[in-house]
Each structure stands twice: as structure tokens, then as C-alpha cells.
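If you're matching them up, the sequences are chains A and B in order. Under numbering that gives the first Met the number 0, the first residue of the first sequence carries the number 0, and numbering increases by one thereafter. Under numbering that gives the first Met the number 0, the first residue of the second sequence carries the number 0, and numbering increases by one thereafter.
Each hint can be trusted.
Sample of chain A residues at the chain B side, in silico, Cβ under 10 angstroms:
no., residue
1, Gln-64
2, Val-68
3, Pro-69
4, Gln-157
5, Thr-159
6, Val-160
7, Asp-161
8, Ile-166
9, Asp-168
10, Leu-171
11, Lys-173
12, Met-176
13, Asp-179
Calculated directly from the structure, the hints in this document are not laboratory data. Heads up, the beta-carbon is just placed ideally off N, CA and C, and yes, glycines get one too.
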Amino acid sequence: MRDNLNSGSKMDTEAKTDIPANEVSLDTAILQEIGNIGAGHAATSLSEMVQQRIEIDVPTIRSMQTHLVPKFYSRHDKPTTAICMQLDGELECDILLLFEKEEAKKIASILSMATSPDNVSPEMETSAMQELANIMIGAFLSAISDFTGIKLIPNPPQLTVDRFDSIIDNFLIKQSMSSDIAIIFDTQFKQTGGAASGNLIIFPSRKLQETLIEKANQLVAGGP
Amino acid sequence: MKTLLRLRVSPNRKVGTAEIVFGPRIRNPSSEIKQEFEATLETFQAPEPSPLEEIRVDMADAMVESRPVSLVTNVGSCVAICLHDMINKSGGLAHIMLPAPNDSHDPLPYKYAATAVPVLANSIRKLHSANSCIVAKISGGANMFSNLRFETMKIGERNAQAAREALMANRIRLLAEDIGGTYGRRIMFNVFDGALFVTTLKGDVKKL
Chain A
0 MRDNLNSGSK MDTEAKTDIP ANEVSLDTAI LQEIGNIGAG HAATSLSEMV
50 QQRIEIDVPT IRSMQTHLVP KFYSRHDKPT TAICMQLDGE LECDILLLFE
100 KEEAKKIASI LSMATSPDNV SPEMETSAMQ ELANIMIGAF LSAISDFTGI
150 KLIPNPPQLT VDRFDSIIDN FLIKQSMSSD IAIIFDTQFK QTGGAASGNL
200 IIFPSRKLQE TLIEKANQLV AGGP
Chain B
0 MKTLLRLRVS PNRKVGTAEI VFGPRIRNPS SEIKQEFEAT LETFQAPEPS
50 PLEEIRVDMA DAMVESRPVS LVTNVGSCVA ICLHDMINKS GGLAHIMLPA
100 PNDSHDPLPY KYAATAVPVL ANSIRKLHSA NSCIVAKISG GANMFSNLRF
150 ETMKIGERNA QAAREALMAN RIRLLAEDIG GTYGRRIMFN VFDGALFVTT
200 LKGDVKKL
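All chains, please: the whole structure from these sequences, using the hints.
The following block contains the structure:
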């Protein structure tokens with residue numbers, strides 16, 4: 000199963016290299032497009048909540064060896080607020096919403112209508128950020144569901160504040176148990192004023208990728 | 000000495016989480032002794048680490064040093080295995096992700112507890128021709144998201160257990176450990192004197 004997973008990967012396995020545009024395989028392009036739709040919806044929902052314009056990067060699909068991921072992001076000691084949601088069942092998937100700690104505080108203060116970030120209690124911040132994740136990731140998933148017809152229902156979100164490397168290593172361990180290659184789906188969004196910026200990182204399981212590609216191919220071919 | 004060691008807590012901060020690893024075991028301590036002991040614990044101050052060069056160890060990687068430097072890494076569910084050669088004042092740190100490899104031809108020995116310990120110990124022994132006496136300290140193995148479905152694996156605990164077993168199999172004595180919890184740790188291992196500083200984001204400092 001292990002060999003199968005590795006040889007089946009059509010994507011670039013080198014760290015620090017995004018896939019060059021002319022060499023993108025059709026499958027990668029499809030996944031990227033699906034991600035683009037989802038991320039667009041997620042950004043719109045965030046923008047509605049904070050009532051400010053949110054810019055979003057076109058999502059990139061990166062595939063690299065699991066242990067190289069922390070080096071790639073190079074945010075080793077940065078205090079990070081992470082909200083994680085998981086998809087259950089066969090189509091397993093971990094979805095991580097990452098903000099720098101200070102950014103998260105700012106967003107929470109906007110959401111809870113506090114006058115300044117210092118007035119937000121930790122409990123308030125936690126619940127505001129969990130709600131934010133619910134809405135953003137919900138928008139992301141429902142956009143994908145609408146497009147592909149696959150039902151994707153996440154578990155409730157869980158929030159943690161810790162250093163970047165410590166947060167991400169759980170997910171990398173989980174990925175490395177099934178494959179040496181981590182497929183990461185990464186989007187950056189930022190507020191036009193520069194106050195709120197964060198990352199949406201998705202670790203899709205092999206099964207979920209295959210299902211998405213299959214469904215999308217059916218759509219392209221024009222029949223169920 | 001490029002970078003100075005950044006101290007995460009103010010030097011006067013009291014740390015009540017000190018662990019006495021060695022020391023006389025007090026049987027049925029009288030209340031006086033007990034009070035005195037608790038008072039000592041309360042006034043215990045985190046020892047100020049001397050400014051040393053910091054070298055970062057990446058995930059599934061290891062570093063061996065004979066110069067007096069600090070090896071630094073961040074762990075969540077991963078485990079940092081620190082080996083210290085007490086005679087030659089050198090040591091190494093491995094940042095492992097999983098208990099054992101699926102196949103024996105895995106190109107990354109430092110990714111797994113079972114393969115990291117013998118390889119790391121050998122490379123420390125190779126630094127000096129003289130005899131060596133290697134001891135170990137381990138830290139990490141947290142369960143960062145307690146509600147999520149990582150609990151089927153309990154990977155943090157399994158990593159820690161695998162590290163203990165690997166040390167035992169290689170006849171290396173485990174001096175101290177700081178395992179578990181729901182928080183990440185920043186590990187700072189002084190290869191010269193073998194001191195291991197574990198800091199959390201909240202600012203707690205533990206010296207092992």
C-alpha cells in the first residue's frame with residue numbers, strides 16, 4: 000500500500016518548489032480549481048464577518064516530504080493560533096486554519112465588537128475563533144460539495160495556541176503514517192489594510208483526492 | 000557566538016514545577032522538613048542558561064556537537080531524544096516522528112525512535128577516541144488536540160514509549176524525561192553540561 004501511494008503521486012516531490020505552471024498535470028489542475036472555488040467562498044465569508052475586504056491568493060498545491068514541511072514554512076517559534084477541523088469517515092481530511100497569535104486577537108476583537116484587542120478575554124477569543132473556523136471552513140466545504148456532489152461534514156473545531164512547529168507536527172505524523180509525501184493545500188488570505196492574515200492548510204487523504212478528481216472528471220466529461 | 004540565548008521568562012519569575020529527579024528520598028518526612036522542602040520548591044528559580052550559540056534541529060533530523068552549543072527544536076507529539084556524553088562533554092539531539100519504520104531501508108534513520116538512538120549514539124562515540132559514557136534525556140510526546148481523532152493512535156505516548164525501549168535496547172541510561180500534556184515544548188539542549196531546558200509558550204521553564 001505504501002509503494003502504491005508513493006508511486007501514484009504525480010506531483011513534484013521536491014521541497015521548496017511549487018509546481019511549474021506548464022508542467023501541472025490535469026489532476027493537480029482540477030484539485031487546484033476545486034480549492035480555488037472553496038477558498039473564494041471561505042474568504043467571502045470572512046470578509047462578510049469582519050466587514051472588510053479580504054484578499055486571497057490562488058491556492059497552491061504543494062507536495063513535499065513530510066519532515067520538510069516545518070522547514071518550508073520556517074515559522075518555528077512563532078506563537079500561532081490554530082483551529083483544526085476534521086472530516087470523518089472514508090474521506091478523511093484535516094483542515095487547519097492558522098493565524099499568528101496577535102492577528103487572531105485582532106480578528107476576535109473585530110468579531111466580538113470589542114474596542115481593542117486587549118479587551119477580549121481568552122474565552123471570548125476561543126469562541127470567536129471557533130465560530131470563525133466553523134463559518135470559513137463550512138463555506139469552503141459546502142462550495143466543494145456543491146461543485147462535486149460529495150457530502151463533506153466536518154467535526155466541531157478545536158482551537159489551540161502554541162508554537163508553529165509544535166502544532167503542525169501532529170498532522171505531519173498522521174500523514175507520514177500513510178505516505179512519505181504530504182500533499183498540502185495552502186491558501187493565504189489577508190485584509191487589505193493588512194490587519195488580518197492567515198493560512199488555510201488542508202491535508203487531504205489519498206482517498207479524498209482520488210474521489211474529488213474522479214467527480215470533477217465526470218463533470219468535465221459532461222455526465223454523471 | 001552568533002546569537003545570544005533568548006530568555007523567555009524574567010529571571011525573577013518563580014517556577015513551581017521543578018522536579019527533583021535525583022536526591023535523597025525522604026521517608027515519612029516530619030512536617031518541618033516537608034514545609035522546608037515546599038518552601039525551597041516555591042523559591043526555586045529557573046537557572047539562568049548561559050548564552051550559547053543556538054543550532055536548530057529540524058524534524059526527522061539530528062545534530063551531533065562537540066562544541067559547547069545549544070541544540071534547539073520544537074516538539075508537539077514528536078519526541079526529542081537528547082544524548083549526552085558525560086566524559087567528553089559532547090552530545091546530540093534527534094527529533095523523531097514515529098516509533099519504528101515500516102521497512103528497514105528507510106533513508107531517514109532519525110525519523111524513527113528505534114533507528115535514531117543507535118545511529119545517534121554511534122556518531123557521538125565517533126567524535127572522540129576515548130571512552131564515552133552516554134546518558135539520555137527525552138521530552139515531547141504531547142497530545143496537542145485532545146478532542147480530535149488522533150487519540151486512536153495516541154502517537155505522542157507511543158513515541159515516548161518507543162524512545163524508552165530503544166534506549167534500553169542500546170543500554171543507555173535514561174536520566175530524566177518530560178512527556179505528555181497538551182502543549183508544545185521548545186527544547187534547548189546544552190551539549191556541554193547535558194542540561195535540558197524545556198520551555199512552553201506560557202513561559203514555564205523546566206530544567207531536566
